[in-house]
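Student: These protein sequence lines map, in sequence, to chains A and B.
All the letters of the first sequence, read from the start, carry residue numbers 0 to 209 under numbering that gives the first Met the number 0.
All the letters of the second sequence, read from the start, carry residue numbers 0 to 134 under numbering that gives the first Met the number 0.
Hints may contain errors.
[Claimed, not checked] Derived EDC-like pairs (lysine to aspartate or glutamate); straight-line CA-CA distance at most 16 Å:
1. B:Lys106 - A:Asp160
2. A:Lys121 - B:Glu35
3. A:Lys33 - B:Glu35
4. A:Lys149 - B:Asp10
Just so you know, these hints were derived from the structure itself, not from any lab.
No experiment lies behind these values; they were computed from the predicted model shown.
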Amino acid sequence: MKNAFVDKFLLWRVWFALVVFFYLTAPLPVEAAKHMIGYTTISFARTPVWIAQDLRLYEKNGVDAEVVFLRGGTVGTQALIGGSVSFIASSGSAAVEAILSGADLVILAGYSNLLDQMLVTKKEIKNPTQLKGAKIALNSLSGGSMLAIKIILSALGIDPDKDVSYLALGDPASRFTALKSGMLMPRSLQRRLTRWRRRQVSTFLTMSRL
Amino acid sequence: MAKKAGFNVFDDVPSLKNIDYPADSLIATREFIRREPLIAERVVKSIADAIHFYKNNKRQSLAILAKYLKGLSSEDLEEAYPRYFSSFRDKPYPSVQGVQTVFKWSKHPKAKDADPARFVERRFVESLDRQSSKQ
Chain A
0 MKNAFVDKFL LWRVWFALVV FFYLTAPLPV EAAKHMIGYT TISFARTPVW
50 IAQDLRLYEK NGVDAEVVFL RGGTVGTQAL IGGSVSFIAS SGSAAVEAIL
100 SGADLVILAG YSNLLDQMLV TKKEIKNPTQ LKGAKIALNS LSGGSMLAIK
150 IILSALGIDP DKDVSYLALG DPASRFTALK SGMLMPRSLQ RRLTRWRRRQ
200 VSTFLTMSRL
Chain B
0 MAKKAGFNVF DDVPSLKNID YPADSLIATR EFIRREPLIA ERVVKSIADA
50 IHFYKNNKRQ SLAILAKYLK GLSSEDLEEA YPRYFSSFRD KPYPSVQGVQ
100 TVFKWSKHPK AKDADPARFV ERRFVESLDR QSSKQ
């Protein structure tokens with residue numbers, strides 16, 4: 000009789016300990032609403048957003064979230080203002096312009112604060128002055144990539160508003176294809192070169208750090 | 000990647016070194032963070048956790064990236080890894096100086112007199128910072 004009581008008491012203690020253990024070790028409760036997180040370029044720079052998605056870090060931290068691609072900071076900012084996403088991972092420049100215009104946005108984190116975009120050309124182009132007349136391929140014609148290329152061109156002595164023109168071609172792979180094809184070369188060079196040579200020389204693009 | 004492929008890269012411009020720029024940011028509406036501060040903090044924490052994972056699990060991180068960056072070879076990914084290792088910040092505070100850089104280039108009439116500190120919200124990263132200091 001006494002043993003049966005002790006066993007029952009022990010069973011209850013084990014059961015209680017298990018309940019406490021699972022309560023303490025369980026992930027944070029996931030909020031009911033799903034939160035969309037937009038990313039505005041397909042480049043290495045969006046790594047943390049993708050890792051968090053693939054490792055279910057949002058869920059482990061108690062958020063039901065899903066990432067979605069939105070091309071360019073301006074599109075992303077509009078989606079944020081319109082309420083179709085809760086967050087965007089993007090360059091902050093489009094958001095800053097939107098805030099200046101009265102949008103109710105704010106930058107919560109800056110996981111890289113360096114201007115490390117690159118201007119890539121075919122190897123024959125060695126002098127920045129040869130950039131005059133070029134078409135420059137960007138992710139989009141607004142937002143962070145546009146501002147970044149303007150800063151870079153000015154540093155190279157090129158007027159970003161007068162000396163070049165721009166094309167929105169999306170991800171780095173598409174921009175490389177355009178670069179290889181010769182569609183970005185300056186008109187001054189186009190006139191002087193044969194069609195074959197044009198393919199060999201062509202010109203410039205900026206890319207978002209891969 | 001670009002250099003190996005035979006392209007010329009203008010990546011050594013002295014005046015661009017150390018320029019502060021809001022390159023990779025997490026942005027929300029102020030209305031959202033007023034309504035859902037806990038969600039905002041948890042998403043910021045998820046991003047910080049992902050950066051920690053990236054810096055401590057190279058092979059698995061590159062395997063995840065390969066899914067999203069389909070046009071890149073494993074060599075391309077290997078080459079880019081160290082650049083982002085140093086670029087991604089363990090404490091991802093938003094940059095007030097970076098906002099100032101945007102002001103400098105902006106043609107918006109309000110940019111000249113705007114206060115950059117009002118464009119960022121540091122409390123979520125501060126909260127993570129405090130928590131990690133206690134651990």
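Student: Now tell me, hint by hint, if it's right for this structure.
Tutor: Okay, the hints, checked on the actual structure:
1. B:Lys106 - A:Asp160: 12 Å, holds
2. A:Lys121 - B:Glu35: At roughly 48 Å apart (the allowed maximum being 16 Å), Glu35 (chain B) and Lys121 (chain A) break the hint.
3. A:Lys33 - B:Glu35: Roughly 12 Å separates the two Cα atoms, so the pair holds.
4. A:Lys149 - B:Asp10: With Cα atoms ~14 Å apart, Lys149 (chain A) and Asp10 (chain B) stay inside 16 Å; holds.
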